[in-house]
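Engineer: Here's the letter readout for the chains.
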Amino acid sequence: VSTMAIVGIGIHPFGRFDSTAQQMALSAIGDALADAGVRWADIEVAVGGSLDGGQADVMVGALGPTGIPFINVLNGCATGAASLITARNMITAGMGDLGLVVGFDKHPRGAFAATDVTTWGVGSWYGEIGMFLNPQFFGLKAQRYLHDHRIPVETLAVVAEKAFANGELNPNAWRRKPLARQEIATSRLINDPLRQYMICSPSEGAVALVVCRAEVADRYSDNPIYLRAAELASRKDGSFELFQTSLPSELPPTPSELASQRAYAAAGIGPGDIDVWQLQDTESGAEVMHMAEVGLCEHGAQTGLIAAGATSITGASPVNTDGGLLANGEPVGASGLRMVYEVCTQLRGAAGPRQVASPRTGFTHVYGAPGISACTILAKDPA
Amino acid sequence: VNGLTARISECGTRPGLVGAADVRGAIVGLNPIAENLFCETDDGVHLIGGRCSDCARVTFPARTRCGHCYGTSIVDELLPRRGTVWTWTTQSFLPKAPYAGPETEDDFAGFVVGYVDLPGACRVQARLDVPVDKAAQRAAIGTEMESVAIEFNVDEEGRPIHVYAFRPVTPAATHQEAHQ
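Residue numbers (my numbering), protein chains in the order written: chain A, 11 to 393; chain B, 350 to 529.
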């Protein structure tokens, strides 16, 4: 049975803006509070996170310092999920009934970089010789995956084509111009087999959610969305992740497999019960691989499913209905909560031209360095 | 401690080579980018890994604690020189700092990286010493490669800085290209 519900949602569009990350977050918070019909002064607990946008609790200055417990969370790409988990635990522990969760970010242009790679567990030589690069890892993983499961490179272009088509339907997306499959397939090669339009970029944006103890959800909303599971997994020894100088010949389950299996167990449902999916598509290959890692399909089945449109908005298993990371970019602190926002919008039936037919359950998944994943399961029903 | 001794005895500078070219193409005055990554013996350049005495898990570079069984008895080991490409990719844009290669935006030609499966040891991440535009042929999954040291850049005193890399063992791939 769900212990927490989402009763208010707010988003600042993703892209590039003149505003600061916290200004975007304050805009999203205002929208979420209004959506739930509550005031900031009603909020009893708060959790927030941002990689480059500063400490979330700084914003109490602008919101009005009320003295509530406000916890800052930073867990890379899983920051949003970690914030949700923290809020749920605070509410379950009795610290308050009504909470706010916020994620926001604003990154410099270009690929993510680290000035001191030793903070990521590798020697400085690793960065010096040019191996400390996120898309390089995804190229390496996708190359092997396509080989193992006989997936044609064209599938990667189809995934990106879908992302930009969905982005066109999402007023909050960054990339709203559809791109033809051929244009994607012939764009500049970045990390073979990944090309320019198959890889997401760091961007800016913010998402806020008003959450509450499940039992009181009806006080705030006619259509509360229940958090049925929120699970985070770090990696097992020998996992094929970013920044691994060596690997064993037998690979353990991936963090995405671990987190998704825990989420299904916690929610008491399986992948066959999910109506809409948001999966980490840092690049096209990631969406393909993650489809199987979270149990949407068997390894190798992606080629047929994607070619037949099963993952498009009108398909049987819609994936990344808001355009995903490819169309929204990745503001690290906000990215995971964007997925939750999109699932809530879909479950409310408020997604307009990108609405999936009558979904009752949704799944979100993030993956990132140094080998972490977090999954949530959201539903219209508390159990 | 034993591992360190083994490393020194196996990888010490060979006096006979100083100032002389070696028929095997040995590099005189190997100047690795970092310590304890690779060294040169009579049969060529080896990566230095660590094997857990308790569970036999091998990692590169050596760790002080085994991630598999949490044992702390890790013995340094010269990894096999030969293995096969497990996966590969290209690096087509000039990486930001802390990348320390000599290239500029104007002359950056890209490079190839991959994991090479070293039998009985582990898969190691490495540069693959093949041209970017020939990577799909010469670094294809399954290609047999061997460890080498390549000149990466020069230090402040003008001495070459070496990094480890893997290079195709036979020119078979080149042969194939010729017939395409």
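Treat the hints as calculated values from the structure; they're not laboratory data.
Computed from a predicted structure; not experimentally measured.
Every residue gets a Cβ at the ideal spot worked out from N, C-alpha and C, and that includes glycine.
Careful, some of the hints might be misleading.
Stretches of chain A that chain B covers, calculated by requiring three or more beta carbons in the stretch to come under 8 Å of a beta carbon on chain B [unchecked claim]: (1) 118 to 131; (2) 137 to 151; (3) 211 to 222; (4) 226 to 234.
Engineer: At least three residues with a C-beta closer than 8 Å to a C-beta of chain B: is that true for the segment 118 to 131 of chain A?
Structural biologist: Coverage by chain B holds for the segment 118 to 131 of chain A (7 residues, Cβ < 8 Å).
Engineer: Do three or more residues of the segment 211 to 222 of chain A come closer than 8 Å to chain B, measuring C-beta to C-beta?
Structural biologist: violated (count 0)
Engineer: According to a criterion of three or more residues whose C-beta lies within less than 8 Å of a C-beta of chain B, is the segment 137 to 151 of chain A covered?
Structural biologist: The restraint on the segment 137 to 151 of chain A holds, since 11 of its residues have a Cβ under 8 Å from chain B and three suffice.
Engineer: Would you say the segment 226 to 234 of chain A counts as covered by chain B, given the rule of at least 3 residues with C-beta under 8 Å?
Structural biologist: It is violated: at least three residues are needed, and the segment 226 to 234 of chain A offers just 0 whose Cβ sits closer than 8 Å to chain B.
Checked against the numbered hints above, the structure breaks hints 3, 4 and satisfies the rest.
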